[in-house]
Amino acid sequence: MDKVVDLQIWQMAAAYVFVLLLLFIVRRRGINREKEIIISTFRMTIQLILTGYILVYLFEKPNPFFTILVILIMEIFSIYNIIKRVKEKLSSRLKKIIAFSMIIGTTTSLLFFILIVVNVSPWYDPRYFIPIAGMLIGNAMTGISLGVTKLIDGMYAQRNLIETSLMLGATPEASCKPVVDGAFDSAILPTINSMVGMGIVFLPGMMTGQILSGTSPVTAIEYQIAIMLGILGSVALTVILFVQLGYKTFFNSESQLVFADK
Amino acid sequence: MFFIKNVRYKSILDIENLIIPDHKITCIVGESGSGKTTLLKLFNKMISSDGGEILYNEQSLANINAITLRRKVVMLSQNPSIFKGSIRDNLLIGLKFAEKSLAADDKLYEILKMVHLNKGLDEDTENMSGGEKQRLALGRVLLLDPECFLLDEPSSALDEDTEHLIIEKIVQYSKANNKTLIMVTHSKKAADTFADYIVEMRNGRVISQREV
Ligand SMILES: Nc1ncnc2c1ncn2[C@@H]1O[C@H](COP(=O)(O)OP(=O)(O)O)[C@@H](O)[C@H]1O
Ligand SMILES: [Mg+2]
Numbered sequence: 024m025d026k027v028v029d030l031q032i033w034q035m036a037a038a039y040v041f042v043l044l045l046l047f048i049v050r051r052r053g054i055n056r057e058k059e060i061i062i063s064t065f066r067m068t069i070q071l072i073l074t075g076y077i078l079v080y081l082f083e084k085p086n087p088f089f090t091i092l093v094i095l096i097m098e099i100f101s102i103y104n105i106i107k108r109v110k111e112k113l114s115s116r117l118k119k120i121i122a123f124s125m126i127i128g129t130t131t132s133l134l135f136f137i138l139i140v141v142n143v144s145p146w147y148d149p150r151y152f153i154p155i156a157g158m159l160i161g162n163a164m165t166g167i168s169l170g171v172t173k174l175i176d177g178m179y180a181q182r183n184l185i186e187t188s189l190m191l192g193a194t195p196e197a198s199c200k201p202v203v204d205g206a207f208d209s210a211i212l213p214t215i216n217s218m219v220g221m222g223i224v225f226l227p228g229m230m231t232g233q234i235l236s237g238t239s240p241v242t243a244i245e246y247q248i249a250i251m252l253g254i255l256g257s258v259a260l261t262v263i264l265f266v267q268l269g270y271k272t273f274f275n276s277e278s279q280l281v282f283a284d285k
Numbered sequence: 012m013f014f015i016k017n018v019r020y021k022s023i024l025d026i027e028n029l030i031i032p033d034h035k036i037t038c039i040v041g042e043s044g045s046g047k048t049t050l051l052k053l054f055n056k057m058i059s060s061d062g063g064e065i066l067y068n069e070q071s072l073a074n075i076n077a078i079t080l081r082r083k084v085v086m087l088s089q090n091p092s093i094f095k096g097s098i099r100d101n102l103l104i105g106l107k108f109a110e111k112s113l114a115a116d117d118k119l120y121e122i123l124k125m126v127h128l129n130k131g132l133d134e135d136t137e138n139m140s141g142g143e144k145q146r147l148a149l150g151r152v153l154l155l156d157p158e159c160f161l162l163d164e165p166s167s168a169l170d171e172d173t174e175h176l177i178i179e180k181i182v183q184y185s186k187a188n189n190k191t192l193i194m195v196t197h198s199k200k201a202a203d204t205f206a207d208y209i210v211e212m213r214n215g216r217v218i219s220q221r222e223v
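Chains as they are written, first to last, in my numbering: chain H, 24 to 285; chain D, 12 to 223.
None of these hints come from the bench; they were simulated from the model.
Keep in mind that this is a model prediction, so the values were computed, not measured.
One or more hints might be untrue.
Stated by the list, open to error - Coverage of chain D stretches by chain H, computed from C-beta distances (three or more under 8 Å per stretch; other residues unrestricted): (1) 52-65; (2) 88-98; (3) 105-111; (4) 149-156; (5) 194-204.
All C-beta atoms in this analysis are idealised placements derived from N, C-alpha and C, irrespective of residue type, glycine included.
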């Protein structure tokens, strides 16, 4: 526990044996996935190496401008990723709402976390700001992707129920409440469930990384608890913003259902 | 009273002139696909026309808030949804949506009687038959007590005797309470027996409208 083992190049290379194993399995079974496995291994490697060097540079010269720039790039990348990942066709109004919810939801929870929970100074210290932002934004991205899918699928699946409600004089909000609640619930459920197994079934990635690189497990756990709660807040805030604004894109100003053409 | 002038909706409807009288029973007849459902949806602004004008009590629909209108002109769709839960839940949900005060159980039983549904309020709706669900949905609309009813084939899932009984009940209720009732029906017999006014449609046009 006194000295951190720095991995040698050949040790790193040995880890790629796992990829070879996977490639061997899919080839033997005739599963057509080799290309994706190779590409994603390659991308993971290159992206992490580049990120590593960028972080080294940023940590050496803390600068609020660069910190904000990095957050901005993360936001843009995650929004792009959500829009790409969701299979359903998205109206441009819905895309704007995804972007708005991501940016407002994650920055609000990020600022609260940095300024109040961790109380970093200077506030833009990239050593804290960037990894925490990464986790909050990354989890919000997963949550909102689920929320988008569930909201759209729900609106189509429950179309008749929504119409029935409108005909009885319901406001669009009341008519969509089951769909909106369902989408919110399924989007936050994975985060809630992940807390249950925490520390018993698995050690979360951030904590594992900290422990491996020499931090005391107690400190690592303190951070892990705080970050889990931060993630919960960031997912909840982003998703509630999204669903609350998102259902409105299915209505026009006359409270009539309008669906983006399939 | 509804008054329609030169209304078009996509390539589905094209109606030059149509008057639906106040406090009367109007039946809309015509073969499947002739635009009857689309016409009803125009009346309570579930959709809006692409051209022309629709007046309700001398006021253009364009100037009436859609939700306000739907609380006065309530529509029962051709295949209404039943919500998860009990019969009571399903009757009360309309009042909740319309932001009206809830009704006591006596009133709810009275409604069930009107639609010939001999069931308890606490019974679950899950295992009800198509015809029972249709009558429950009708009861839910009656409970709202609006000025005008738009009923889209309210008895399509019922056998002929029950159909006759129930339409008779709705008609009596409408007359006794001075309601305007607009009903799409596939039953020529029902139209001939109960209607004060019959509108016949074909291919998105009104081909005849007459008093009976
Ligand atoms: N949302 C819609 N978009 C396009 N066409 C529709 C839509 N709804 C109904 N139609 C078409 O409009 C015509 C009239 O439909 P509808 O009003 O339901 O007739 P009816 O109730 O008399 O059977 C039909 O040809 C139907 O296929
Ligand atoms: Mg129809």
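Here is how each hint holds up against the structure:
Here the stretch 52-65 of chain D counts 5 residues with a CB under 8 Å from a CB of chain H, which clears the bar of 3, and the coverage holds. For the stretch 88-98 of chain D, the stated coverage by chain H is satisfied: 5 residues place a CB nearer than 8 Å to a CB of that chain, which reaches the threshold of 3. Taking a C-beta to C-beta cut-off of 8 Å, the stretch 105-111 of chain D contributes 5 residues in contact with chain H, enough for the three needed, and the coverage statement holds. With 3 residues having a beta carbon nearer than 8 Å to a beta carbon of chain H, the stretch 149-156 of chain D meets the requirement of three or more and the stated coverage holds.
For the stretch 194-204 of chain D, the proposed coverage by chain H is not satisfied: 0 residues have a C-beta within less than 8 Å of a C-beta in that chain, short of the threshold of three.
Comparing the model with each earlier hint shows a violation of hint 5 alone; every other hint is respected.
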